Amino acid sequence: MSERFQYPQDREVYSAAKVKALESLLIEKGIITSETVDKVLNYFEKEMGPFNGAKLVAKAWVDPEFKARLLKDTPSAIAEMNFPRGMTGAEGENMEAVANTPTVHNLIVCTLCSCYPWPILGLPPYWYKDPTFRARAIREPRKILQEFGLTFNDDVEIRVWDSSAQIRWFVIPERPAGTEGMSEAQLATLVTPESMMGSAKAKSSPSF
Amino acid sequence: MKLQHNLGGLEGLGPVDFEKRVFVEPWETRIFGIHVAMMALSQHLKEAIPKYPIDQVPTSFKSTWTWADLRKGAEAMHPFDYFKYRYYEKWLGGISAFFVSQGYISQEELVAKTSAYLKEKGSIPESRNEPIDNQIIEYLRVGDPGERELAGEPKFSKNDTIRVKNVPPVDHTRLPGHLRGKTGIVDKVYSGFYVYFCSTGPDGLGEPMPVYRVRFDPKEIWGELAEEKSVVYADLYETYLES
Chain F
2 MSERFQYPQD REVYSAAKVK ALESLLIEKG IITSETVDKV LNYFEKEMGP FNGAKLVAKA
62 WVDPEFKARL LKDTPSAIAE MNFPRGMTGA EGENMEAVAN TPTVHNLIVC TLCSCYPWPI
122 LGLPPYWYKD PTFRARAIRE PRKILQEFGL TFNDDVEIRV WDSSAQIRWF VIPERPAGTE
182 GMSEAQLATL VTPESMMGSA KAKSSPSF
Chain Y
154 MKLQHNLGGL EGLGPVDFEK RVFVEPWETR IFGIHVAMMA LSQHLKEAIP KYPIDQVPTS
214 FKSTWTWADL RKGAEAMHPF DYFKYRYYEK WLGGISAFFV SQGYISQEEL VAKTSAYLKE
274 KGSIPESRNE PIDNQIIEYL RVGDPGEREL AGEPKFSKND TIRVKNVPPV DHTRLPGHLR
334 GKTGIVDKVY SGFYVYFCST GPDGLGEPMP VYRVRFDPKE IWGELAEEKS VVYADLYETY
394 LES
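As given, the protein sequences belong to chains F and Y, one line each in that order.
Quick note on numbering: the first sequence equals residues 2 to 209 in our numbering.
Quick note on numbering: the second sequence equals residues 154 to 396 in our numbering.
Simulated from the structure, these hints should not be mistaken for laboratory data.
These figures come from a predicted structure and were not determined experimentally.
Derived DSS-like pairs: lysine-lysine, alpha-carbon spacing no greater than 30 Å straight-line:
(1) Y:K274 <-> Y:K243
(2) Y:K341 <-> F:K68
(3) Y:K318 <-> F:K130
(4) F:K60 <-> Y:K173
(5) Y:K311 <-> F:K73
(6) F:K30 <-> Y:K199
(7) F:K204 <-> F:K130
(8) Y:K382 <-> F:K130
(9) F:K204 <-> Y:K173
(10) F:K40 <-> Y:K204
(11) Y:K341 <-> Y:K372
(12) F:K47 <-> Y:K199
(13) Y:K173 <-> F:K40
(14) F:K40 <-> Y:K243
(15) F:K144 <-> Y:K243
(16) F:K202 <-> Y:K173
(17) Y:K199 <-> F:K40
(18) F:K144 <-> Y:K173
(19) F:K144 <-> F:K202
(20) F:K40 <-> Y:K215
(21) Y:K155 <-> F:K130
For reference, chain F alone in the conformation it holds in the complex (with noise of 0.2 Å):
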């Protein structure tokens, strides 16, 4: 029983090496190519990944009838802005968004796994793929943002939503204070993955 605590001296190389050997025999097998993995990774670099949703929530920050539009109908809201072909692609068919406001706070969770609203987000991080969270956040979500760096008041309702079937959501998050006057560009800039999952808020001013 002890050995199975025990992880292999060179797990990491070791991993590596298995993964290229498998990515090779694919190649020669004639199932992938020696292109494929490259362009589905440059694909989430480019195409769909967290700047997406900056950009949305940056939109919903300075037009409250978008904003209205988004959390009444998310996937025509999307398509209203200019983003490329995709927005309802993989793990993006049925994407729903939820505000922040003073007296709510969402917080998004896959307990069964990590679901992800790719398109709009790219692919998840680390923390929300791990099994502590997932079991942890479900129950505790207020002690959890508390780790996390997040305090409220007894008058905010904490909503988490479990993932367990076909949509994916993301959470608009609350607009700083102090951000009147930037542009839709620069207000992008303040929001990060982690505020549109609800385990941050948004940035107050851009990092430097």
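We have chain F; now place chain Y onto it with these hints.
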């Protein structure tokens, strides 16, 4: 009963590692790309929305591979290994085993090539085939929506009180275990009927059915361990609910 289906509410786990990176090792990006390719080349897409022209894609991959297959692999693990191994380590284990079990590669070849790459940093072989990569990117752009034609009427309406069924535990589920037997209120009836990627047998998923957004009072789920002023929402397939 599987730990992986019952993580919600597990205690004693300590603080969350607030790691913001998607990949913590460069090699992890490769297994991610391979998983996406498998889903994009999967036979089941012939019957998806849209019906992808999979038979015209010149790949030697002739299997079905969906999120359900990846999840089943992770849910089949020894529960301690599920916590021990990182996210993409689980993917690498499950996906390699799949390719071996389906006969695309042999365990011997995989071991031999892994040893070879451990000894020498070679490069991967070169091989181009645009139609394969085009299908993969098209899948990313178009997706695989679960919505199907209406096949009847939803059993429940908004504001109905429902109870979550205690369905037989099987190898795979989309029912978070902490909700079994709990009472909630239907907050929304999603329009449309939804399939799941596979049948889960006695668990009930597979055929097109309604899905509901259900609101739970955390005290109903966790009793006195619930936090004040909080609400839990879960999206649940109709097969998991009863009046």
